[in-house]
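2 protein chains.
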Amino acid sequence: MFAVTILGNNSAVPAFDRHPTSQVVTLDGNNYLVDCGEGTQIQLINYKIRRSKISHIFISHLHGDHYFGLIGLINSLSLLGHKQEMHVFGPSPLKEIIELQLKVADTQLCYPLEIHHITEAATLLDNEKLRVKCFRTNHRIECYGFTFEQKKQPRKLNLEKAKEFDIPAVFYDRLKNGENYTRKDGTLVENESVTLPAEAGKKYAFCADTKYDETLIPHIEGADMIYHETTYLDNLRERAESRFHSTTKQAALIAQKAGVKKLLIGHFSSKYDTLEEFEAEAREVFQNTELALEGVCYEV
Amino acid sequence: MFAVTILGNNSAVPAFDRHPTSQVVTLDGNNYLVDCGEGTQIQLINYKIRRSKISHIFISHLHGDHYFGLIGLINSLSLLGHKQEMHVFGPSPLKEIIELQLKVADTQLCYPLEIHHITEAATLLDNEKLRVKCFRTNHRIECYGFTFEQKKQPRKLNLEKAKEFDIPAVFYDRLKNGENYTRKDGTLVENESVTLPAEAGKKYAFCADTKYDETLIPHIEGADMIYHETTYLDNLRERAESRFHSTTKQAALIAQKAGVKKLLIGHFSSKYDTLEEFEAEAREVFQNTELALEGVCYEV
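Residue numbers (this note's numbering), protein chains in the order written: chain A, 4 to 303; chain B, 4 to 303.
Treat the hints loosely; a few may be bogus.
Just so you know, same-sequence chains aren't split out, so a pair can sit in one copy or run between any two.
27 Å max Cα-Cα, derived DSS-like pairs, lysine-lysine [as the list claims (entries may be wrong)]:
| no. | residue 1 | residue 2 |
| --- | --- | --- |
| 1 | Lys159 | Lys106 |
| 2 | Lys164 | Lys136 |
| 3 | Lys106 | Lys274 |
| 4 | Lys205 | Lys136 |
| 5 | Lys56 | Lys274 |
| 6 | Lys265 | Lys132 |
| 7 | Lys86 | Lys264 |
| 8 | Lys136 | Lys265 |
| 9 | Lys164 | Lys179 |
| 10 | Lys159 | Lys132 |
| 11 | Lys274 | Lys155 |
| 12 | Lys214 | Lys106 |
| 13 | Lys166 | Lys264 |
| 14 | Lys264 | Lys252 |
| 15 | Lys86 | Lys274 |
Derived by calculation from the structure, the hints in this document are not laboratory data.
Generate coordinates for the entire structure from the input sequences, incorporating the hints supplied.
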């Protein structure tokens, strides 16, 4: 499964039980954390997301509502006996901020922590299942969005054919991975005769904080799902512009021009106690829009 | 009213819906924040404690569970348009940690912030209502407890006498402050004839993180209420010692030896999902012990 769970959908300050930005991208049991506002470790507990399954954390920029929870999570993982290597990506001087706080507390982490500074658009992670890239967004300070590209999906099982060839269900996962099956009598069942080709991998893009900027489009083009901030409703377009944020219709227009399949919107200003209008406005421009709601898991 | 509201009573990591250390000392409508673990600003919202009424913040030490929420609170106050001067007291290099994070976010606070480094036992605040002092505790890193001494309580009104002299109720607060009353016919009612002397001011002591250490006693002697950590039950005395923490019975013994009136216990290890035993054990040594429970306001 390739999905995104929202942990925080509010901008700037916590309000109306909405939390600062954080979300978890999950692919085949691995968790990738995107931004880490204050209280993220508590949201992870609330939504029963295993902190120990997080191996990579991506921080878009150093405004507090996107990273003040990072030091707490790093610290708690150590106290909880985390062992796995942890890679954190974010703009400079994130490494100095974290290391200073660990040093003054005389903390020796019990797991290896690598903090990598992002300085330009680049590929940050590339393994057999996933490629993560970053790209610049247009914000008041240096800020990056992230794309998550699934490498390849498993082949599709032709269940009828598999049964016809008498292949045990326990072997189905290996069929999906492309293996042939050898029957007890030694005859070979070629994979292609019981499976259909894999679909292309899916793509998710997190557009971080940004004003309306069409230079983002090449990075997110054709994505299956994108998250684009909508700090304000569309009548506050000037305020959005001056604060390097976007409105509902601007986010929807980016989604439309980039030809993506689905748009998630979030990073709502604390001016707004209810959110229905955000969805309605964005849908006027881009129909397949959904509010990024905390605790909800959106499949890519 | 002189009282303490608990915002977080857990140690190290958040668990079982218990939060890292923070509490608010309230005296006559002013709020003084003591420690500020991650999520404190959200706890302040949850318990409807006005952030704008906080003028002083006291940080005991730079372990994350006591201060990771400070930068978020400082930042949010500015976004919310706080105007009043804010004084923060804590060990070095708290100022550098906070200022680095404000600088990288290009944040100009909209209120004056003064961060004062504590380096030894000292008087930190001394106004007409309150004196706050700090004292060293015995922890793994430099750590301070705080005493809050109410300067003087109002004089007590003798209601019967006040009625006898026909003094209007609207003047009662001024009587409590020691003023005489002049009647319409010009005759004077001396304050002493309608009030009783003020009681001595009360004293609260926050003992921060510490192992059992009798050198704390002179600082907290005779207090009306103290908070002393009890990270562990008494069967884990060795673990407490090695980690510079205290057990239930050790906290109770300090309360007993210091001749205080009431003991609050908190900073519970995440090993424990329930807390009843903490209270029971401490009461074996010091009867007037209460669990420091989140959201509860304890009058000094």
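Right, here's what the structure says about each hint:
| no. | hint | verdict |
| --- | --- | --- |
| 1 | Lys159 <-> Lys106 | neither (51 Å within a copy, 52 Å between copies) |
| 2 | Lys164 <-> Lys136 | neither (39 Å within a copy, 80 Å between copies) |
| 3 | Lys106 <-> Lys274 | between (38 Å within a copy, 26 Å between copies) |
| 4 | Lys205 <-> Lys136 | within (14 Å within a copy, 60 Å between copies) |
| 5 | Lys56 <-> Lys274 | between (35 Å within a copy, 21 Å between copies) |
| 6 | Lys265 <-> Lys132 | within (22 Å within a copy, 59 Å between copies) |
| 7 | Lys86 <-> Lys264 | neither (38 Å within a copy, 46 Å between copies) |
| 8 | Lys136 <-> Lys265 | within (20 Å within a copy, 58 Å between copies) |
| 9 | Lys164 <-> Lys179 | within (13 Å within a copy, 92 Å between copies) |
| 10 | Lys159 <-> Lys132 | within (17 Å within a copy, 75 Å between copies) |
| 11 | Lys274 <-> Lys155 | neither (42 Å within a copy, 43 Å between copies) |
| 12 | Lys214 <-> Lys106 | between (37 Å within a copy, 22 Å between copies) |
| 13 | Lys166 <-> Lys264 | neither (35 Å within a copy, 78 Å between copies) |
| 14 | Lys264 <-> Lys252 | within (16 Å within a copy, 62 Å between copies) |
| 15 | Lys86 <-> Lys274 | between (42 Å within a copy, 19 Å between copies) |
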